[in-house]
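Student: Generate coordinates for the entire structure from the input sequences, incorporating the hints supplied.
Those sequence lines, one after another, are chains L and Y. Be aware that the first sequence starts at 1, since it is given in this note's numbering, and climbs by one per residue. Be aware that the second sequence starts at 1, since it is given in this note's numbering, and climbs by one per residue.
In case anyone wonders, no lab produced these hints; they're calculated from the structure. Here the structure is a predicted model, which means the values were calculated and not measured. Hints should not be assumed to be uniformly reliable.
To be verified - Partner residues aside, some chain L positions facing chain Y, computed with beta carbon under 10 Å: (1) Val43; (2) Met47; (3) His65; (4) Ile74; (5) Lys77; (6) Lys83; (7) Phe84; (8) Lys296; (9) Ala298; (10) Thr309; (11) Ser324; (12) Glu326; (13) Ile327.
As the list claims (entries may be wrong) - Derived DSS-like pairs: lysine-lysine, alpha-carbon spacing no greater than 27 Å straight-line: (14) Lys296/Y - Lys179/L; (15) Lys77/Y - Lys296/L; (16) Lys77/Y - Lys83/L; (17) Lys303/Y - Lys293/L; (18) Lys14/Y - Lys52/Y.
No residue lacks a Cβ here, since even glycine has one placed at the ideal position from N, Cα and C.
2 protein chains.
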Amino acid sequence: MKKFGFKLITIDKKCKARVGKVTTPHGTFETPVFMPVGTQGTVKALMPRDLKDAGTEILLSNAYHLYIRPGTEIIRKLKGLHKFMAWDGPILTDSGGYQVFSLSKLRSISEEGVKFNSHFDGREIFLTPEKVIEIQEALGSDIAMIFDECPAATKDKAVIEKAVHITLRWARRAKKHHKLSSQALFGIVQGGTFRDLRRESLERTLEIGFDGYALGGLSVGEPKPEMLSVLDEILPMMPTDRPRYLMGVGTPLDFFEAVERGADMFDCVNPTRYGRNGTAFTSDGLVVVRNGKYQKDAAPIQKDCACYTCRNFSRAYLRHLVNSHEILGAELITLHNVHFFVNLVKNMRAKIRQGRFLQFKKAFFNRFDPETR
Amino acid sequence: MKKFGFKLITIDKKCKARVGKVTTPHGTFETPVFMPVGTQGTVKALMPRDLKDAGTEILLSNAYHLYIRPGTEIIRKLKGLHKFMAWDGPILTDSGGYQVFSLSKLRSISEEGVKFNSHFDGREIFLTPEKVIEIQEALGSDIAMIFDECPAATKDKAVIEKAVHITLRWARRAKKHHKLSSQALFGIVQGGTFRDLRRESLERTLEIGFDGYALGGLSVGEPKPEMLSVLDEILPMMPTDRPRYLMGVGTPLDFFEAVERGADMFDCVNPTRYGRNGTAFTSDGLVVVRNGKYQKDAAPIQKDCACYTCRNFSRAYLRHLVNSHEILGAELITLHNVHFFVNLVKNMRAKIRQGRFLQFKKAFFNRFDPETR
Chain L
1 MKKFGFKLIT IDKKCKARVG KVTTPHGTFE TPVFMPVGTQ GTVKALMPRD
51 LKDAGTEILL SNAYHLYIRP GTEIIRKLKG LHKFMAWDGP ILTDSGGYQV
101 FSLSKLRSIS EEGVKFNSHF DGREIFLTPE KVIEIQEALG SDIAMIFDEC
151 PAATKDKAVI EKAVHITLRW ARRAKKHHKL SSQALFGIVQ GGTFRDLRRE
201 SLERTLEIGF DGYALGGLSV GEPKPEMLSV LDEILPMMPT DRPRYLMGVG
251 TPLDFFEAVE RGADMFDCVN PTRYGRNGTA FTSDGLVVVR NGKYQKDAAP
301 IQKDCACYTC RNFSRAYLRH LVNSHEILGA ELITLHNVHF FVNLVKNMRA
351 KIRQGRFLQF KKAFFNRFDP ETR
Chain Y
1 MKKFGFKLIT IDKKCKARVG KVTTPHGTFE TPVFMPVGTQ GTVKALMPRD
51 LKDAGTEILL SNAYHLYIRP GTEIIRKLKG LHKFMAWDGP ILTDSGGYQV
101 FSLSKLRSIS EEGVKFNSHF DGREIFLTPE KVIEIQEALG SDIAMIFDEC
151 PAATKDKAVI EKAVHITLRW ARRAKKHHKL SSQALFGIVQ GGTFRDLRRE
201 SLERTLEIGF DGYALGGLSV GEPKPEMLSV LDEILPMMPT DRPRYLMGVG
251 TPLDFFEAVE RGADMFDCVN PTRYGRNGTA FTSDGLVVVR NGKYQKDAAP
301 IQKDCACYTC RNFSRAYLRH LVNSHEILGA ELITLHNVHF FVNLVKNMRA
351 KIRQGRFLQF KKAFFNRFDP ETR
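Tutor: Printed below as a string of structure tokens:
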């Protein structure tokens, strides 16, 4: 079985955008890459064959959610997450740090771990950095994430600093506890929008040493220029020979900004969540399919799109499905959105290779309807 | 463009079960056949490619529903129902008689037609036999149904008799108004469980003359033996050179009973409705996927099933999806159910050809869990 590896292939001549290649036990993929989100062991509304068809190369699932339901033991018994959800490509599992802090109101953090009540049935749960590693080893994902404390970005510096320090101590324990040699382990850099804390978090995470490095706690409500300023500061300090994963970000425009600055991996619920709500992403901006102006529109969501939805269905039909509360509407628009996100980031690779990433970005920004940004 | 046609191929040596071949402008199929129901222009939760994959040969849609929403003019403008819903195989459209009487509480029936309020937005609608033909011609379905009055089977004989007579007069008007030569038109035999009314309805519908004949108003609450007794009486009186369509029936066991007596075509919402509710049909009976006993069950819904769902997913995974309210659960179980219904009826053809239909029926009844009948 192939182990995890990353190889830097090229850097755009005119900016920091880079193409890399990631090897995992379940196949290889190039970066920049977008990972559709399959929180509960399913990318909402899509069959694995739809995901393949949309060009998906790696998907993300969530250790916290799967631990709560159906439970790690069941997935272990069913021979791991890949087999369980019938996805034979690479999987990255998020640790659930973010979910513990966003979904659970009552929680108590100690040096040992976090005690909280399940968002699902209220039962008390105690997660430690070691436990979260064990969960991900049982799931058998290709890339595991350390368990981090992820406070709201709006908190005081003292709170963020405390979170950075406990995350570092937990990262050390996670690394020590991690045994599954076929599984990569990524560290997570925290620090909110405080650049000194980000630098400290990165430097000390690098000292521990991981297969890849993620930036957490961004795109959580802070103004966009602050996020970009953190990326400007931190991405150049990250090692060139490891993948750089910007967690939970974001929109097509965000991907351009982050790739330009040297980020490699992305995940976000936007394509699936917007899809279920009847909103499609296109190169021209958002298309609210329910809008009356599409009532008799024979055109597909996006004219030049090669996805199954755009090859077969008109906006008028999709609008009818959404208005009629038909599940198929959610399925078809989600499929288009995932195809759009995956292929937009894939197309960036070709442009980086040609040294034309910045032109591509400029053209995209010019075309994308500013009112739907 | 090929016109509609029906050819009787063979009759089982030991019963009245028969194999036929139907030709339509959108392709041919053999009978007995099961038609998945796509009321609003979508077989709920399934993409057209999933339907093909499940073996679907013809599907049913509903003129009444599509007239209400999105409206006939939109579908005409989008080049007809096949193109609108991206289904290139045969489509039968039900007229909506049953829906007008089951979905709308306030209605007034006159010789001219039915006035009622839309179940969707309450606006007043007036449907006549001619109007319903025009709707179906605009949809461009391969088989259209006449507009019938369809009273509850529990009504007095006088009520049923009146419905039979008005349906006959409407049938004559429908036939006269029907112009689309590429579209077949089927008559509908009513009469509840009154065999004399059924006979009269059939005889006078035959006098008008249609491309096929349907039995309506069965499986609507009457005891099963009464339905079978109507089939025993009426099916042998129906012409051998026209398809016989038993509307809205029913369960796998019903199909065996009806095919044994000489019925050819079926539609029913059971596979899709049960699928969305997390219940699967198998040769062993119903599988309530949510049931705790499937929590760690690595087996597929049905071991020998060739559908996409059974080839890829365990009961444990499907149970997890249903419990987690994931749309994919509805999709995968619906896909299995449609595959099961379509292929069960398809398999009957082979048995009829071998003169072994009754053995096949007996084996199926013996295996099917009586507690889930």
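Student: Are the hints correct? Go through all of them and say.
Tutor: Consistency of the hints with the structure:
1. Val43: 8 Å, holds
2. Met47: 7 Å, holds
3. His65: 9 Å, holds
4. Ile74: 6 Å, holds
5. Lys77: Since the shortest Cβ distance to chain Y is 5 Å, the answer is holds.
6. Lys83: 8 Å, holds
7. Phe84: This hint holds: Phe84/L lies near chain Y, its Cβ roughly 5 Å from the closest one there, short of 10 Å.
8. Lys296: Because about 5 Å separates Lys296/L from the closest Cβ in chain Y, which is inside the 10 Å limit, the hint holds.
9. Ala298: 6 Å, holds
10. Thr309: 9 Å, holds
11. Ser324: 5 Å, holds
12. Glu326: The hint holds - Glu326/L has a Cβ within 10 Å of chain Y, the shortest such distance being about 5 Å.
13. Ile327: Nearest chain Y Cβ about 4 Å off; hint holds.
14. Lys296/Y - Lys179/L: 26 Å, holds
15. Lys77/Y - Lys296/L: Holds, at about 7 Å.
16. Lys77/Y - Lys83/L: 45 Å, violated
17. Lys303/Y - Lys293/L: Distance of about 48 Å is beyond 27 Å: violated.
18. Lys14/Y - Lys52/Y: Answer violated: Lys14/Y to Lys52/Y is near 33 Å, above 27 Å.
Of the hints listed earlier, those the structure fails to meet are numbers 16, 17, 18, in rising order.
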